[in-house]
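Undergrad: The task is to assemble the complex, starting from two chains supplied on their own in separate frames and drawing on the hints.
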Amino acid sequence: MTKDLRSPLPGTFYRRPAPDAPPFVADGASVSAGDVIGLVEVMKTFHEVKAETGGANIRFALENEDPVMAGAVIATVD
Amino acid sequence: MTDPSGRTLFIANRGEIAVRINRAARALGMKVAQAHSDADADMLAARLADVAVNVGPPAAKKSYLDIDRVVAAAKGAGADAVHPGYGFLAENSGFADAVEAAGMRFVGPTGATIARMGDKVAAREAAASAGVPTVPGSAGRIEEPEALAAEAARIGFPVMLKAAAGGGGRGIRVAETGEDLARLAPQARAEALAAFGDGGLYLERLVRNARHVEVQVMGDGARAIHLFERECSLQRRRQKVWEEAPAFGLRPEVRDRMCAASVRLAEAVSYRGAGTLEYLYDPATEEFFFLEMNTRIQVEHPVTEMVTGVDLVAEMIRIAFGAPLSLRQEDVRLSGHAIEVRVNAEDPSKGFLPFPGICSRLQAPPGVRFDTMLYDGYAIPPFYDSLVGKLIVHGPDREGAIAALRDAVDSLLIEGLPTTLPLHAALARDPDVAAGRIHTQFLEPWLEANPLGPSGAGGGDTR
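Chains D and S are the protein sequences, given in the same order.
Position one of the first sequence corresponds to residue 1 (my numbering), numbered consecutively onward.
Position one of the second sequence corresponds to residue 79 (my numbering), numbered consecutively onward.
Isolated chain S, as found in the complex (with noise of 0.2 angstroms):
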């Protein structure tokens, strides 16, 4: 009854966490059946299915996030469950309970689960009472101007204000003082409402020179473990450009209670299948605070598996089947260094401006982990996200890891169009990023100071 092999798993997701999620699939040997839009029907994951099933027309409103839609064409290509791979309708709780609800197994956790994580103020919450720190913010969720102001003075300035039903980092603001608080908060209110149609705000000390680290979790609705942490604080547009498993320079001890904080989280919400506990880190204190919590995989995942040589998706699949965790805590451990790079389509010469054309060769390095859905005459739609692919690479050690980062940058071809791979050159020969003088604030200040040349746009080499 536990066992996946044999059955369908229907793939409601696209580009490479499709191909990611089909090569896990394979891996416990399940058939395939492939959501697709009208845009995506010769995308490689669709070609690598056993069925692709048209979910609808290229707006992803009108086909990938279309709940009826999906359920509806997963329950008729006979699946017996359905992956959600992240971003679309992968937190959504209501997808979750009508898969179940149509008789399918969701890959992932409980709706319960996805609702209460997904809200930020009731994480919080969950996170304080299993004894997980939390940034120095307000106690819930704040209505009146009047409040927002007493709250932020007993916080402590700058502090950021953030939409309660966020994500992505739409609807944060930084207040540096009460006149700055005074005039932002109803812009802040509006895009949440919005955004999200719920202007509910709250307040956080925003952490200078602060560190994303993020710690993988995965459980079984009973026990929980940690895969240890990832780095990732180099970021655009809030947007990673580039994670490492694990951080660096971070003390065992710290190590420690990081990521047996995430497991007591974790646990205390009956954690089933992948998830992360982002946390702030200020290197200065070496205190962790507890951000919020994905309850998917996430895009980043390549560099636990490289570091732990656990298949993180395919265990999610075999937990959503109804195994329990086929690791203990003590079977988790860590190996060398790994970086990931994403490579999008933009062009980093013209302010990272989207690129959807041909790529009309891929030339990935032979023993390099490539997740890409490229391949050679794809054209690449304009309706969905810009990434193309994630270049993974091991080391011993962390300069060995950015060391095998430039060979494999250098010899990644990617024909057709404009991609991020010259900046991910430029970084891996950046002094600051070799010393890990880096934070969530770097890259911006950092991409001012260091315009990128052009890249291969039209069918030039993307070096």
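Next comes chain D alone, as it looks inside the complex (with noise of 0.2 angstroms):
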């Protein structure tokens, strides 16, 4: 069974905290709740986004800098 883990605001999706450090996740691993998986940037401005649920094998539905809409799937996990 896999998991959607969705954005909770509009904006453009980050994979990495800056644009030379790794990605918060990489793919493939595993995530628990609570963790940052990436970064939302509405306006101008930066909020985390964390993973609702925990799982394995994470693939990403974005690419770092696509846009994203509110609700919209991040990545999903089993």
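Mixed in with the good hints, there may be bad ones.
As the list claims (entries may be wrong) - Below, a list of computed lysine-lysine pairs in the DSSO-like style, where the Cα atoms sit at most 27 angstroms apart: (1) S:K139 to S:K153; (2) D:K44 to S:K109; (3) D:K50 to S:K139; (4) D:K50 to S:K428.
Claimed, not checked - Label pairs and their in silico Cβ distance ranges: (5) D:D4 to S:P214: 25 to 33 angstroms; (6) D:K50 to S:A513: 40 to 48 angstroms; (7) S:V129 to D:H47: 33 to 41 angstroms; (8) D:K50 to S:G209: 52 to 60 angstroms; (9) S:P509 to D:G71: 41 to 49 angstroms; (10) S:G445 to D:F46: 35 to 43 angstroms.
Calculated directly from the structure, the hints in this document are not laboratory data.
Remember, predicted model here, so these are calculated numbers, not experimental data.
For each residue, glycine too, the CB sits at the ideal point set by N, CA and C.
TA: In structure tokens form, the structure reads like this:
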């Protein structure tokens, strides 16, 4: 069974805390509820996106810097 | 050759300033081509333009900030000139050069002037050599920690650590003591390197209770004039929220000195177009110190237009087409007092959380200037600045302008989203604001002491 991790906010999605930093979560990694999986930039302010639920083998539906709408799926986990 | 009438202006910006530039272009009889990202196809400026040109994906980096794409779009639209607005590529010397190299006119100064005045240290040097006072600070950029300590001791604490390539308040730290300096310098250097790709720092004395006063200049490359000054001390997180013209409580001699100094600097760098010299004003000593020059039209330019009657955006376009300044210094006269407040799509009751919602209904008070990109049913995209409009009032004096502002704020209706209007309603009734007891550090403690109630998110009245 897969579970969706969604964006609470609209804006621009970032997988990394800084352009030259590694991603918050690598593809295929496991995450726990509350883990930061990315940032959403809304009108020039940055907000952390936390996983609402944990799971294994994370697969991102968005690329770094993709636009995202509120409620859109950012990633799925098993 | 110098007549912009019938020519095409490409607007390389979005939001309210694109609408404002469109209005100036129309007043000059120009055609308008408007840049827009995928997220901005239905913005007001795109609807008002003769041609709307897609310049890429929502992320500004891939659209409004992509020099090659923007220049190609302007060229493809047959533009004769490009207006950069503010923000985005407005102060990018490479963009100005690329526009000119592609055979179009850049509405602003030359790339060389932008580069020179955009470097804080070079700008201070230019100011000093034009006889414009600067804040006591380090002679240039400093790389060594030991040199920082020695310079700070010479300048006198408290000092501010600033990024040589910085802007918008980023990378600024205050050191009260030598220990503070030793602790904060590595952080400031790392942040400057990350933000600007340049870790160079400089030091400046911190003036307590300073006001932010800035002078509007306009040049044609040979001659420059000033259009008096603006007061912009009410700031939150170093972003202006309320601006006035002229600055209050300035003795005529002080105003004359500040404006004359600004013209000297503008002429010393052969300035072309609209520019602003920002000063730190110490009301206790009546000293003013040059901070930096913004080589573009400013967000708050309307207050200057309201007290001088000059259309700054139209004038800068005329100058870009090779016309000399249309005004002599003695033609520019101050009339009354103007105030602008910035209406942002933010919820003041929730720490100014941005709210990119849908404006279900807009009703602006008749006879009051409201520069905006909003229209009924407009969905504000989340990808850009939260500024959705600027409410601008004029009165015979400051008291009259504040009274007009109270009325205008109370009768401006923006339904469907929370805005910063409740902040302005409260500031317009504040006795310290009315008495001019404000400075650049005034607003944040004031917000702590005067928490604002919820505004009308979700369709209510924003009052």
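Undergrad: State for each hint whether it applies.
TA: Evaluation of the provided hints:
no. : hint                                : verdict
1   : S:K139 to S:K153                    : 20 angstroms, holds
2   : D:K44 to S:K109                     : 32 angstroms, violated
3   : D:K50 to S:K139                     : 25 angstroms, holds
4   : D:K50 to S:K428                     : 20 angstroms, holds
5   : D:D4 to S:P214: 25 to 33 angstroms  : 57 angstroms, violated
6   : D:K50 to S:A513: 40 to 48 angstroms : 46 angstroms, holds
7   : S:V129 to D:H47: 33 to 41 angstroms : 36 angstroms, holds
8   : D:K50 to S:G209: 52 to 60 angstroms : 55 angstroms, holds
9   : S:P509 to D:G71: 41 to 49 angstroms : 45 angstroms, holds
10  : S:G445 to D:F46: 35 to 43 angstroms : 40 angstroms, holds
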